[in-house]
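Chains as they are written, first to last, in this note's numbering: chain A, 1 to 534; chain B, 1001 to 1328.
Hint data in this document are derived by calculation from the structure and do not stem from the laboratory.
Note that the structure is a prediction, hence the values are computed from the model and not measured.
Some clues are possibly wrong.
What the hints assert, rightly or not - Listed next, with one range per pair, are the computed distances between beta-carbon atoms:
#, chain 1, residue 1, chain 2, residue 2, range
1, A, Lys137, B, Phe1240, 33 to 39 angstroms
2, B, Pro1056, A, Thr523, 37 to 43 angstroms
3, B, Glu1312, A, Asp151, 44 to 50 angstroms
4, B, Phe1186, A, Lys137, 42 to 48 angstroms
5, A, Thr523, B, Leu1320, 34 to 40 angstroms
Just so it is clear, CB atoms sit at the ideal spot from N, CA and C, and this is done for glycine as well.
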Amino acid sequence: MSAAKTPKPDELIEVRYAPPATPWMETPTVFRPGAWSYSGNVKSLTALGLPNPRTWQPPDEDWKLPENWQSIILEGLRERLEKYRSFRLFMDICVRCGACADKCHFYIGSGDPKNMPVLRAELLRSVYRRYFTVSGKRFGKLVGARDLTIDVLKEWFYYFYQCTECRRCSVFCPYGIDQAEITMMGRELLNLVGCNINWVTEPAANCFRTGNHLGIQPGGVKDMLEFLADDVADRTGVHVEVPLNRKGAEILFVIPSGDYFADPGTYTCMGYLMLLHEIGLDFTFSTYASEGGNFGLFTSHEMIKRLNAKIYAEAKRLGVKWILGGECGHMWRVLHQYMDTMNGPTDFLQEPVSPITGTRFANARSTKMVHIAEFTADLIRNGKLKLDPSRNDAYRVTFHDSCNPARAMGLFEEPRYIINHVCKHFYEMAEETIREKTLCCGSGAGLGNEENEEMRMRGGMPRAMAVKQVKERHGVNRLACMCAIDRAALTSLMDYWVPGVTVMGVHELLANALVMTGEKERTTDLRGEPLTGC
Amino acid sequence: MNLLTSFIAILILTLSALGIAFTPISFLLTAILPYAAFTVFIAGFIYRVVKWAKVPVPFRITTTCGQQASLPWIRNNPLESPSNVWGVIGRMAMELFLFRSLFRNTDVAIVGQKPIYGSAKWLWFFGLLFHWSLLIIVLRHLRFFIEPIAPWIGALSAVDGFFEIGVPTLYLSDLTVVAGLTFLLFRRVVVPQLHYISLVTDYFALLLLLGVVTTGLLMRHFFPADLIHVKNLTLGWVTFAPAVPKEVGAVFYIHLCFVFTLLAWFPFSKLMHMGGIFLSPTRNLANDNRTKRHLNPWNAPVKVHTYEEYEEEFRDKMKLAGLPLEKE
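Build out the structure end to end from the sequences listed, making use of the hints.
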């Protein structure tokens, strides 16, 4: 099976918003090439102990489901209605006002009405009504209820894996109904009968065993980080240390594995190394907790907890005082909204205090984990960093708020404060496309795979077009972001829609401007490109 | 099709109201149904809210629409990303009284190969108009159930009829409620996407409310019902001595039938968003996740991969890489 050829941008932008002639319940789901992801492989499912490992693919007629798949799903549905108020409430109170409809990047980019959050939710809500409400049981279709058939299950799969759980719809909903919550439940239910995608299950399985999504073993983590330290020495003449699994360090530093694995995340990682060296922070990386990201978020709540447990466990084993976290999106949703509840309490850690500035991070006093943007903004504010923003003069920068730090955390000003201190040309994108209204990269929640490319380009179109606008208006050539998935996804998105814009992390931008003690004359940026702007 | 189905349902209701209005069983509408509908409404409403409230909130999943409270020199947005209970109260008040989230509404169109986002406040405006008007109308109706009429109800009615157009005075809220409902119905019929997602019950709710309002207006301005008789009847309900009404007219019976249908259907319908909005976890929780630990009542142990297991598998490789080990 080869990936479908993605149409050219000119064709893809021709989006039609007129709904089909047939009512949605009677419109069959077609697994269009380029718009779905390969199934989770047997090895990963087995490693994680997930149900029904088998060889199959979504376009297959026979999904090889267990015989009693319907009762498994309905029982799972009942269980979740009793465990999550969010879920039960969101099943009941939607009035279908349609405020969410054109807020979804997948709907804006595809025009498929089942990508309207309201209708994506109705896919599940219709089944809920049929089996769990009096009126649905009695009046069926008349009140929007329908039987759970194999076609309905396939429809769920197609559309719940066309949602990146970005929560933009929940900002606009008058009741705060969050499609991410419904998609998460939908995916949990699908997982109960073994319907998942490999771009989620394989990283999750890797993460469970090796501590990171990419399956990098301890020696590999060390090699990669040391390789980046060598690159830092090459660019700056300064030798930075890479402490690993070091007991007695003050701070455990957890980053997404994408940052030490591949470009352009690696430049962000070099930025971390340079910053932490320059301020002389007593910290350590860990090979066991070598991933802050958590693809459990795209599998099930149980899997979030299973993959997240290592962070506190490692902090305890190493005896650190608190934890610092790198630039990543969904990683921070888990750390901010789930970690403490799932794997706390953290009585073995201390309230985070910056050893450099003495600032107490009271906002993290329970979870004891600080976002590096908060940490760095505090350093700059207290004048602890020597910065030369002119080194970034060649860059005309805009900033993409990642969905999760934006809508599940409210981290807006910290990165902007840093950017404004390390470069001179910063331009915001249109108001409707940033901060809490930020548009997704189109590849989050495990959808960043090749076979799904057309859908990713469609879903990322609104973000790309907002970048295009500032490129045309202000000559923007750099798209800064604070997320490992963004760094990978936005790169291909820019190549497709807005060639000429390069994606970079905020700490890459910072490290370019960072004047280090004992550095040689800097002639290149972290990527080895000449500092033409000086 | 869905619109037609709901329209037929409304017709059936009207005809059945007329059917029993002037027959010996009219006491159903005037003496039995008032109690039945009101009981179903109250009991059903409580049942639904209690049912939601009994389900735990395992995680604090606030949707943050503004800057978090982090460093002291960064200005927190207390209403869009509340860090404490006062902020939450403020945020909820904004949602309840001003429809804050709906105010953000935009629309999108592809213009010149780019999505362009336009302001779309009409839904917010007419939605708010409808809800406030309905509230005022319901409060005004209390004068039928309280004797003597409380001064604030009189004052409210006076303000509502401030312009003193016509005799009897045309209430402003009567006009605006019709405007609101008409807009909400109109967009459901005309906007293709909205038409596509609308269920029978979505139209039914609007038509029923329009039915209630229209019959009310008819009674006030065109086929006047004798208010003394109406009040005798309504006070009779309150004192549990329902009287047999005289000369209240056919429209009054239809009005009653619509109102009772609305009351009885309310707890089983999407109209329960009225109670549900208070419980929405993305709005009614503070964004203080890292400050205060949120407890999940069913937080159960899961199978994890411990460091010991990890070191066991990779010990040789870790040794080779010079990484410290727990066990040599």
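Please name the hints from earlier in the document that this structure breaks, with their numbers sorted from lowest to highest.
-> Violated hints (numbers, rising): 2, 4; every other hint is consistent with the structure.
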